[in-house]
Amino acid sequence: LIQLVEDEGKPFPLASNAILNDIYVDDICSGSDDVTSALRLQRELVDLLDLGGFSLRKWSSNHSSLLHAVPADHLNTPLTFSTADHSLKILGIQYDPSNDVFSFSIQPRPIRVTKRGVLSEIGRIYDPLGWVTPLSFYAKHLMQLLWIKGLDWDEVLPPDILKLWNDFVTEIPVLSNVRIPRLIPVTDSTVNKLFGFCDASEKGYSAVLYVTTRIHNVVQPHLLKAKSRVSPLKTLSIPRLELSGAQLLSQLVVSVQPFIQRARIESIQLFTDSTIVISWLRTPPHKLKTFVANRVVDILTVTSPQQWHHVSSSKNPADPASRGLLGDELVKCQLWWTGPDFICEPFTGNCTNKIISSSEYIEELKPQSVDSLHVSTNRRYLLDVLEKYSSLSRAQKVFAYILRFLHNRFCERKDRSIGPLTPKQIQESNLFLIRLTQWNAFRSEINSLKKGSALDSPLRHLSPFIDKDGLLRVGGRLGRAKLPFSSKHPLIIPHNSHYAKMLCDYFHVITLHGGPRVTAALLNRQYWIPSIRKLLRMRIHRCLRCYLPNAEAVTPKMSELPEARIEGQRAFLDVSIDYGGPYTIRESLRRNAPKSKCYLAV
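To get our numbering, take the position in the sequence shown, counting from 1, and add 20.
Everything labelled a hint here was simulated from the structure, so no lab data went into it.
One or more hints might be untrue.
Claimed, not checked - Calculated lysine-lysine pairs in the DSS-like style (CA-CA distance at most 27 angstroms, straight line):
| no. | residue 1 | residue 2 |
| --- | --- | --- |
| 1 | Lys78 | Lys109 |
| 2 | Lys508 | Lys434 |
| 3 | Lys408 | Lys554 |
Whole structure, please, built from the sequences with the hints as guidance.
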């Protein structure tokens, strides 16, 4: 048939589209918005298929004018299920052309009530779109109970399960009262929206889709498709089952993509009554454990977190499908057939980015090795990396790139940081280096402060405290002073740390190579380093730019004294003379006295 469309289908656009999109095995189930278009489609189908040697049979329609030109032997023979109803089967489902509705009519057969017989009867319920999912879920759960009991295929059911089966069989004929309209009026002039719901219970989980159409300000809901699954034998928590239900709902959305495109759905809104599931969907998958992360990724591949909303259990139509209903209960369950009332009203949404930090949510989070710039492992390695650099500015940039890499590694692509480093990233890198240095030197003091214990440390006279960034600061008595916070409570830096040495070098440079006093005055505005003057004198002494201008000239070693100067003898026995110059002298004391050059002999 596809080859026929490719070869001969160009003159028959309506027939080609019907064959490609509206055919199931050897049945073509198609239609049009008006009788004229339907007649044209009928003619094109006949002409196109005649070119391939195919003769159409089993014609049926909800409009009699479309069947006038069809020979009687080409019409479909209706299957009568009751005296008042003349239906035919289409894709295994009963269809009443006169009323244009789908229906169900299942009459129980006398069977021997064993696992084999029960499965045979349940298999007679053919419901590809899941319209009677609550009833079929009841049957699925019943079969699961038989497997859990470990019954043989021809073993009679125990009394407790037999009662459940009898209740089920007794109410199956009630399904004959169900009428599902075939037509969902989606046209260019209608406003069409898709609503999905999912739920879970200890028995299983389910999902259901509804489409609403607005015509002349009248909104009509239509049950589109549903599906359910029983819980696995391995016990899962309710939140995990709820997440599985959300995954099933996302799969339903994918399965109706052709309908979404043809109906030009304006918006898709999805609902669950589990706030934990919504929180998981708003959490980066890499932070979640494998079971939850895999399902969150599957869901977010086809939907977005903004499409998911919370609904109360009383308004969730997927709730009965996750617990199971008998025939009479299903027929009377208006919530299932039409959905909650609010889908027919203007939808404003209740989407929120707030994450519910419940115990069930926290249980599914992975232990974080890197958290808020805190490094829980390999701190010693990072300190070794820091000691490779002598410039504070360079070290800050290197660690800023390291932190950027960690951020980009675990965030979504749209949130990644690229381009030159920003001042904020440099500042975060500096805080990270301080935190790393303090952890290495004051680990016990930090732990004691976090526990509220008394300090047994030389730092206790500084009244230290931990600020909001987790950094150790001086307490002191300047809390009411009109000074910057960093001046009132400077950061405590260990005297013998590599960071303290780089800090002293940095402030020495920005003070234009000032001395210890000037450098210490500027440095103490933000940092408190014990024995700062001693450390600064040592670092300034090693400053090459300061050392060269102030270097002392080398004094040559003097020769041995001559013999005449060390032996005792009368005066002027040995006489020496030395010559020096030139020297500039003024000839008088006048201000404008001329100057001349002279030499000196001694």
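Results for each hint:
1. Lys78 to Lys109: Satisfied, since the Cα-Cα distance of roughly 11 angstroms is no more than 27 angstroms.
2. Lys508 to Lys434: At roughly 40 angstroms apart (the allowed maximum being 27 angstroms), Lys434 and Lys508 break the hint.
3. Lys408 to Lys554: holds (23 angstroms)
Comparing the model with each numbered hint stated earlier shows that hint 2 is the single one that does not hold.
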